[in-house]
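Peer 1: The chain contents come next:
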Amino acid sequence: MTVVLASLVEGKELLQTVVAATVAGLGVTFAFSVAIWGFGRSVELGTKDRRLAAGAAAAIGTLALLLVLAAIVFGIVVMTHK
Amino acid sequence: MSSDIILVIVVGTALAFDFTNGFHDTANVVATSISTGAARPQVAIAFASLLNFIGAFISISVAATVANDVVDAAVITPTIVFAGLIGAIAWNLLTWYFGLPSSSSHALIGGVVGSAVAASGFDVIIAEGLVGKVLVPALVAPLLAFLVAGLAIGIAYRVIGHQRPGVVTRGYRYGQVISGGLLALAHGTNDAQKTMGVITLALIANGTLGAESDPPTWVIVASALAIALGTYSGGWRIIKTTGTRIIKMDAAQGFTAQGSGAAVILASTHFGFPLSTTHVINGGIMGAGAAKRLSAVRWGVAGNIVTAWILTLPAAAAIGAVTYGVTQLFGSGAAGPIVVTLAALALVVAAFVRRAQRGSPLPVTEGSGR
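As given, the protein sequences belong to chains R and L, one line each in that order.
Residue numbers 1 to 82, in the working numbering, belong to the letters of the first sequence in order.
Residue numbers 1 to 370, in the working numbering, belong to the letters of the second sequence in order.
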């Protein structure tokens with residue numbers, strides 16, 4: 001039964017789907033959360049007049065946001081080139 | 001001449017199914033954005049319709065699976081496809097009537113398999129395609145979305161730490177514009193292709209296209225339009241169930257549920273798995289809720305949804321099989337499909353009138369934009 005089922009299931013493609021979805025889902029959430037943290041922290045530090053630290057936090061936020069956008073564009077490009 | 005009439009009816013019925021698919025699944029795409037306040041309902045739905053339309057043009061892998069890998073195209077006739085579509089539409093409308101987010105995809109595949117078995121016996125089923133490309137991904141996808149959303153919300157809460165709630169909520173609401181857009185794109189990509197696959201199957205069965213053909217451009221454009229219009233029409237009953245009754249979400253949970261759902265659907269579409277977008281997004285919502293607090297998920301509502309999911313394939317298959325039997329009572333010509341179409345239209349109108357008489361299922365609140 002297990003052998004029959006194994007022969008029916010496209011194991012490699014299913015595993016690739018699981019890995020791709022997990023990496024994309026967790027990666028984009030992490031990067032977007034870092035972006036929110038960065039911008040939030042930047043505003044907070046700005047009000048305390050710590051401009052250098054605020055700038056660094058904003059830069060981290062911007063980088064993380066760019067990473068999210070790049071991941072989305074990459075995903076769509078991969079989809080259209082099957 | 002008779003087969004051409006049946007083909008026209010099949011194409012019309014398939015596009016009607018596509019419309020109900022968009023109508024039924026609007027909730028999957030926009031409910032989380034609406035319930036967290038990330039977008040006004042009409043704006044979210046218009047945005048989702050546009051991205052559903054665009055998404056339909058991205059890939060044809062799923063259409064190829066539906067057309068060639070589930071049932072043996074060589075023994076399929078347009079009448080079999082028609083009966084399968086009626087099975088799917090009937091189940092879609094029944095679950096819409098009761099406000100249950102069941103799977104349009106499984107209804108479609110169940111309907112076609114049921115009518116094909118009624119016509120030619122169980123040999124018509126391509127076990128490898130049905131199990132490997134439909135049933136196993138159907139089980140894996142919602143669990144995967146559940147796990148990814150659960151892990152993702154843990155990561156999100158950990159990263160944002162002690163940030164001020166206002167900043168965090170605003171940030172994730174902006175994020176939901178992106179994640180909701182991606183989800184709509186993913187939905188259009190995976191779901192519109194099922195209709196393309198079924199119309200292609202009917203065109204192959206009628207001899208209009210050769211075996212193993214890809215969907216023609218007019219089929220892609222018509223399917224994209226039908227699902228976009230259906231999405232714009234919106235299914236408010238299911239939006240209410242998906243958006244508020246499973247869990248009460250914050251913006252971060254909405255973002256992770258949508259993001260995880262989109263990631264699972266887009267990855268699956270890439271490999272040609274025609275999975276249920278309904279299962280995936282509801283899995284994501286439950287995962288995002290359960291990770292925060294198990295009791296946050298209203299498991300009773302979740303149980304009703306699971307029951308509808310389990311019933312979908314066999315119920316649509318049974319309706320598809322019975323419909324095929326009814327069409328054969330009128331001979332093998334166009335009379336059967338014409339009679340069934342007229343009867344189905346009468347039932348649909350009656351259901352809409354009855355539902356309209358009962359009033360709006362979603363309470364109109366100030367600033368809801370409805």
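Mixed in with the good hints there might be a few duds.
To be verified - Residues from chain R that face chain L, not an exhaustive set, calculated with beta carbons under 7 Å:
id, residue
1, Leu15
2, Val18
3, Ala21
4, Thr22
5, Thr62
6, Val77
In case anyone wonders, no lab produced these hints; they're calculated from the structure.
Don't be surprised by glycine CBs; every beta carbon is placed ideally from N, CA and C.
Peer 1: Evaluate each hint against the coordinates.
Peer 2: How the hints compare with the structure:
Annotation: interface hint on R:Leu15 violated; nearest CB of chain L at approximately 10 Å, more than 7 Å. Contact between R:Val18 and chain L, as hinted, is supported at the beta carbon level, the nearest pair being about 6 Å apart and thus within 7 Å. Interface restraint check: R:Ala21 against chain L, minimum CB-CB distance 4 Å, threshold 7 Å, status holds. The interface hint given for R:Thr22 is met, as the beta carbon of that residue sits about 6 Å from the closest beta carbon of chain L, less than 7 Å.
Hint status for R:Thr62: violated, given a least beta-carbon distance of 13 Å to chain L, over 7 Å. Because the smallest distance between the Cβ of R:Val77 and any Cβ of chain L comes to about 10 Å, over 7 Å, the interface hint for this residue is violated.
Consistency with the previously given hints fails for numbers 1, 5 and 6, ordered from lowest to highest.
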